[in-house]
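Engineer: Residue strings, one per chain:
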Amino acid sequence: MRNRLRVLRAERNWSQAELADRLEVSRQSVNAIETGKFDPSLPLAFRLARLFETTIEAIFDDEIAS
Amino acid sequence: MRICGEKLTAAVKRLCYRMMVSGGLYGIMALGVGSYRHLHHPHGAALYVEAVLMMLPFLGIIASFGLYLYEEHDEFMYTLSVQSSLWATGITVVLANLFIQLHHFASVPVLTFRTLVVIWGLVFAITMPFVSRRYK
Chain F
1 MRNRLRVLRA ERNWSQAELA DRLEVSRQSV NAIETGKFDP SLPLAFRLAR LFETTIEAIF
61 DDEIAS
Chain G
67 MRICGEKLTA AVKRLCYRMM VSGGLYGIMA LGVGSYRHLH HPHGAALYVE AVLMMLPFLG
127 IIASFGLYLY EEHDEFMYTL SVQSSLWATG ITVVLANLFI QLHHFASVPV LTFRTLVVIW
187 GLVFAITMPF VSRRYK
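If you read the sequences in order, they're chains F and G.
Sequential numbering from 1 applies to the first sequence in the working numbering.
Sequential numbering from 67 applies to the second sequence in the working numbering.
If you are wondering where the hints come from, they were derived from the structure by calculation, not from laboratory data.
Just so you know, not all the hints are guaranteed correct.
Just the calculated beta-carbon pair ranges, DEER-fashion [to be verified]:
#: 1; chain 1: G; residue 1: 168; chain 2: F; residue 2: 58; range: 54 to 62 Å
#: 2; chain 1: G; residue 1: 93; chain 2: F; residue 2: 10; range: 47 to 55 Å
#: 3; chain 1: F; residue 1: 43; chain 2: G; residue 2: 178; range: 36 to 44 Å
#: 4; chain 1: G; residue 1: 93; chain 2: F; residue 2: 7; range: 49 to 57 Å
#: 5; chain 1: F; residue 1: 2; chain 2: G; residue 2: 160; range: 35 to 43 Å
#: 6; chain 1: F; residue 1: 54; chain 2: G; residue 2: 199; range: 44 to 52 Å
#: 7; chain 1: G; residue 1: 149; chain 2: F; residue 2: 54; range: 48 to 56 Å
#: 8; chain 1: F; residue 1: 50; chain 2: G; residue 2: 148; range: 24 to 32 Å
#: 9; chain 1: G; residue 1: 118; chain 2: F; residue 2: 17; range: 42 to 50 Å
#: 10; chain 1: F; residue 1: 2; chain 2: G; residue 2: 192; range: 30 to 38 Å
#: 11; chain 1: G; residue 1: 148; chain 2: F; residue 2: 13; range: 57 to 65 Å
#: 12; chain 1: F; residue 1: 4; chain 2: G; residue 2: 187; range: 37 to 45 Å
For every residue, glycine included, the Cβ atom is placed at its ideal position computed from N, Cα and C.
With these hints in hand, go ahead and build the complete structure from the sequences.
Structural biologist: Structure (structure tokens):
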């Protein structure tokens, strides 16, 4: 699944490690989600949306629909 | 605590601690049971007690991993662990069966439970980086 995580993170000047700390997950998790190789669960997607003060749809993009 | 520059999750730290405790317990049991056997030459029920005592550290190792899977809140690390454990279980079962067949046809000694636990742990550790590479 494509996502805007890297862009949102760059806008806030956060490193992957910093974002991982804020989400209370490992840096590898953030990297795997960012590269689209790993799809987060719904609770983690909600945590991401809350952290970036946006909606899940604004972060994640279903490739089939696009 | 970091390994290869990566911060360990709290669940991994607890897993390492429990594994070390189980390993230490195995050392103590092996020394204790060995000494007791050497000094008292036990027989009957005492041998069953010895066998149960020697199994306790292995139960500790299995329980540690089960607790780790229960406590790991990082879903990505959980996924990696489950995939590696499936590889480890598969390879361990294949090796155990291979040696059973070799035992029947070529009188090769079968792998002991202790050896299988070590093989499982090694395969788990070896496959982890390969499994995680798929997500890079």
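Engineer: Decide, hint by hint, whether the structure agrees.
Structural biologist: Results for each hint:
1. The beta-carbon spacing between residue 168 of chain G and residue 58 of chain F, approximately 59 Å, falls within the hinted interval of 54 to 62 Å.
2. Between residue 93 of chain G and residue 10 of chain F the Cβ separation comes to about 51 Å, which falls inside the hinted range of 47 to 55 Å.
3. A beta carbon spacing of about 43 Å between residue 43 of chain F and residue 178 of chain G agrees with the range 36 to 44 Å that was offered as a hint.
4. Range check, residue 93 of chain G to residue 7 of chain F: about 53 Å between beta-carbon atoms, so the 49 to 57 Å window is met.
5. At about 38 Å, the CB distance of residue 2 of chain F to residue 160 of chain G agrees with the hint of 35 to 43 Å.
6. Here the CB-CB span from residue 54 of chain F to residue 199 of chain G is close to 31 Å, at odds with the stated 44 to 52 Å.
7. Between residue 149 of chain G and residue 54 of chain F the CB atoms are about 31 Å apart, so this pair departs from the stated range of 48 to 56 Å.
8. Our hint of 24 to 32 Å for residue 50 of chain F and residue 148 of chain G holds, since their Cβ atoms are close to 27 Å apart.
9. Evaluation of the 42 to 50 Å hint for residue 118 of chain G and residue 17 of chain F yields a pass: the beta carbon distance comes to about 46 Å.
10. Our hint of 30 to 38 Å for residue 2 of chain F and residue 192 of chain G holds, since their Cβ atoms are close to 33 Å apart.
11. A C-beta distance of roughly 34 Å is found between residue 148 of chain G and residue 13 of chain F, which places it outside the suggested range of 57 to 65 Å.
12. Checked against the hint of 37 to 45 Å, the C-beta distance between residue 4 of chain F and residue 187 of chain G comes to roughly 40 Å, which is consistent with it.
Comparing the model with each numbered hint stated earlier shows that hints 6, 7, 11 do not hold.
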